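Novice: Chain order of the listed sequences is A and B. Each residue of the first sequence is one higher than the one before, starting from 150 at the first, in this note's numbering. Each residue of the second sequence is one higher than the one before, starting from 30 at the first, in this note's numbering.
The set of hints was computed from the structure by calculation and includes no laboratory data. It should be emphasised that the depicted structure is a prediction, and the values quoted were computed from it without experimental measurement. Where is the CB? At the ideal position from N, CA and C, for every residue including glycine. One or more hints might be untrue.
Pair by pair, the computed Cβ-Cβ distance ranges are [as the list claims (entries may be wrong)]:
| id | chain 1 | residue 1 | chain 2 | residue 2 | range |
| --- | --- | --- | --- | --- | --- |
| 1 | A | T367 | B | G363 | 32 to 38 Å |
| 2 | B | G266 | A | D167 | 54 to 60 Å |
| 3 | A | D167 | B | V371 | 42 to 48 Å |
| 4 | B | T233 | A | E228 | 57 to 63 Å |
| 5 | A | S211 | B | R374 | 57 to 63 Å |
| 6 | B | R374 | A | S295 | 24 to 30 Å |
| 7 | B | R313 | A | E228 | 15 to 21 Å |
| 8 | A | R271 | B | R313 | 20 to 26 Å |
| 9 | A | T177 | B | V371 | 52 to 58 Å |
| 10 | A | D167 | B | M30 | 34 to 40 Å |
| 11 | A | S295 | B | V371 | 36 to 42 Å |
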Amino acid sequence: MNPSLELTDVTLVHPDGDGTVTALDEVTLRVDPGELVVVTGPSGSGKSSLLAVAGLLQRPGSGAVRIDGTDTAALSPRERATVRRERIGFVFQQSNLVPSLDAVDQLLLAAHLAGHRPARQRERAAALLAQVGLGPASRRRPHQLSGGQRQRVAIARALMNSPQLLLVDEPTSALDAQRSVAVAELLAEVTREHGVATVLVTHDEHLVRYADRHLAMTDGRLGELAALA
Amino acid sequence: MFLAIRDLRFARGRFGLMAAVVALLTFLVVVLSGLAAGLAAQSTSAVAELPADHLAFQRPADGRTLSFDSSTVTTAQERTWAGAPGVTDAALLGVAPNRLASGSTQLPVTLLGALPGSFVAPAALRSDRVVVLGPQLLETAGVAPGQTVVVGGHELRVAAGQQDTSFNHVPAAWVALATWDQLQGRTGEGTGPHGTVVALRTATGADLSAGDAAAGTTTVSRTGAFAAIGSYSAENGSLSLIRGLLFGVGALVVGAFFTVWTIQRTPDLAVLKAMGATTGYLVRDSLAQAGVVLAVGSIVGALAATGVGLLAGATVPFLVSPATTVVPLSVTFGVGLLGALVAVRSIATVDPITALGAAR
Numbered sequence: 150m151n152p153s154l155e156l157t158d159v160t161l162v163h164p165d166g167d168g169t170v171t172a173l174d175e176v177t178l179r180v181d182p183g184e185l186v187v188v189t190g191p192s193g194s195g196k197s198s199l200l201a202v203a204g205l206l207q208r209p210g211s212g213a214v215r216i217d218g219t220d221t222a223a224l225s226p227r228e229r230a231t232v233r234r235e236r237i238g239f240v241f242q243q244s245n246l247v248p249s250l251d252a253v254d255q256l257l258l259a260a261h262l263a264g265h266r267p268a269r270q271r272e273r274a275a276a277l278l279a280q281v282g283l284g285p286a287s288r289r290r291p292h293q294l295s296g297g298q299r300q301r302v303a304i305a306r307a308l309m310n311s312p313q314l315l316l317v318d319e320p321t322s323a324l325d326a327q328r329s330v331a332v333a334e335l336l337a338e339v340t341r342e343h344g345v346a347t348v349l350v351t352h353d354e355h356l357v358r359y360a361d362r363h364l365a366m367t368d369g370r371l372g373e374l375a376a377l378a
Numbered sequence: 030m031f032l033a034i035r036d037l038r039f040a041r042g043r044f045g046l047m048a049a050v051v052a053l054l055t056f057l058v059v060v061l062s063g064l065a066a067g068l069a070a071q072s073t074s075a076v077a078e079l080p081a082d083h084l085a086f087q088r089p090a091d092g093r094t095l096s097f098d099s100s101t102v103t104t105a106q107e108r109t110w111a112g113a114p115g116v117t118d119a120a121l122l123g124v125a126p127n128r129l130a131s132g133s134t135q136l137p138v139t140l141l142g143a144l145p146g147s148f149v150a151p152a153a154l155r156s157d158r159v160v161v162l163g164p165q166l167l168e169t170a171g172v173a174p175g176q177t178v179v180v181g182g183h184e185l186r187v188a189a190g191q192q193d194t195s196f197n198h199v200p201a202a203w204v205a206l207a208t209w210d211q212l213q214g215r216t217g218e219g220t221g222p223h224g225t226v227v228a229l230r231t232a233t234g235a236d237l238s239a240g241d242a243a244a245g246t247t248t249v250s251r252t253g254a255f256a257a258i259g260s261y262s263a264e265n266g267s268l269s270l271i272r273g274l275l276f277g278v279g280a281l282v283v284g285a286f287f288t289v290w291t292i293q294r295t296p297d298l299a300v301l302k303a304m305g306a307t308t309g310y311l312v313r314d315s316l317a318q319a320g321v322v323l324a325v326g327s328i329v330g331a332l333a334a335t336g337v338g339l340l341a342g343a344t345v346p347f348l349v350s351p352a353t354t355v356v357p358l359s360v361t362f363g364v365g366l367l368g369a370l371v372a373v374r375s376i377a378t379v380d381p382i383t384a385l386g387a388a389r
């Protein structure tokens, strides 16, 4: 079975004034289906750069990025967008839902982008919202939802196109402790139930206990701290 | 359109305001177009309705432009044109302002002089003692066919014409060329009557340059002769300039609105791109939004202007036609869409990586 995500010796260097800064320094990472990997580290350690490269938002300077066994180095921008639509789900820091769409439409938009007819996806969208505990709130727009509910919608949206890889960026940074726990539990649950490989980057050390593996980033280098599963 | 329709519903206040601005601009453009066409018809219909395809003017002095006011052509020039290859008909046509009196009613008229029976003369113009008036002019003058009116001191019997035309905003009346020539203070003895222009009907391939060289004239097409009518060029130029400026304002306003809208949406656009939306998809979606706003605004504006024009048509020269409604509506829509296209180009520069926390 192919790993859902495989990074091999990935290096990413950004220009920084007159010099450069190494955001990712020969990072190697393999995440299998159904595995939740939590990456912690201080600000500027390269966590978001890791997601950017793994999510095909940025090309690495060197090294290989494989999604479900496919080497992405030679893919055109349009092909990379297709991979993002069909194989990768994103959960962003502040949910980043589209303000004009209610919860169901947030999910249908993801389906629409992937070329599915929204009308035929309503059942799946409703089922996913029910799974994340938002069945009754499915017609609410983002401003009518709490922060925790917005993140639940974002998780359901990320799962809408049955991705192989779920990339989660600081999902609890705007939530209180109780809601953070609920979101982390939900992520662990959907990772198992949907067999998706999840990479979660966070400052919040409390989320580590939900991880199958815990990795730490420091100055662009990725190190494994503990095997928890 | 998935996102476009939902955005329109969600921000209906903002988009409604924009559609209202587009409606107002379209209203102004359609009203101006109707007025311009109405005024143009009042200036030119006497020439536009002539059964001639070209008009030969007296060749103007160096540095002067063609003008009905200053052109005088002779019977000899008309005969030269009549004998020119490719010219099927040639006839003198006189054009001059005068006054028509009927009892206590005095009206300014443009007298058109033509030889009875010539191809430009109306059928009712059968003798030198007749003046042919259109239905509306008959009513305005308060006379009926068979009665007499005084034109430039000559008593003439009224005959009914088929249609009303006007020249330089003054209603036109037809008289025989000999009468017209007399009213200009000429007798025509020896040389035959004069006219203002030679009206021509030509066959394909007629050599107009050679005819001009032989007759000492300058020939233009019938519609090209509109520019030789005193007020037409100035009026038309001014109204066209205002219309052009309104189209420009429309493009700028719509472009500015969608520039601000796109900037406001930049974080959402970054998220959508991160989710796999292509720039083309987002541009098409934004243009669809602009298209809906422009279509609603321009149709409402054009309908309102057409309604106002039809109501005001009795008192002001307002012409309702596809050229004064559908064309300006389409141009407003087109330039607005162009403005929106320029505005939404910035979608291409939105970097999906900004959707991630560290870049926000």
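Novice: Next, verify each hint and record whether it holds.
Specialist: Now for the hints, and whether the structure bears them out:
no.	hint	result
1	T367/A with G363/B: 32 to 38 Å	violated, 57 Å
2	G266/B with D167/A: 54 to 60 Å	holds, 59 Å
3	D167/A with V371/B: 42 to 48 Å	violated, 36 Å
4	T233/B with E228/A: 57 to 63 Å	holds, 59 Å
5	S211/A with R374/B: 57 to 63 Å	violated, 33 Å
6	R374/B with S295/A: 24 to 30 Å	violated, 37 Å
7	R313/B with E228/A: 15 to 21 Å	holds, 19 Å
8	R271/A with R313/B: 20 to 26 Å	holds, 24 Å
9	T177/A with V371/B: 52 to 58 Å	violated, 46 Å
10	D167/A with M30/B: 34 to 40 Å	violated, 48 Å
11	S295/A with V371/B: 36 to 42 Å	holds, 40 Å
In summary, the structure is inconsistent with hints 1, 3, 5, 6, 9, 10 from the numbered list given earlier, while agreeing with the others.
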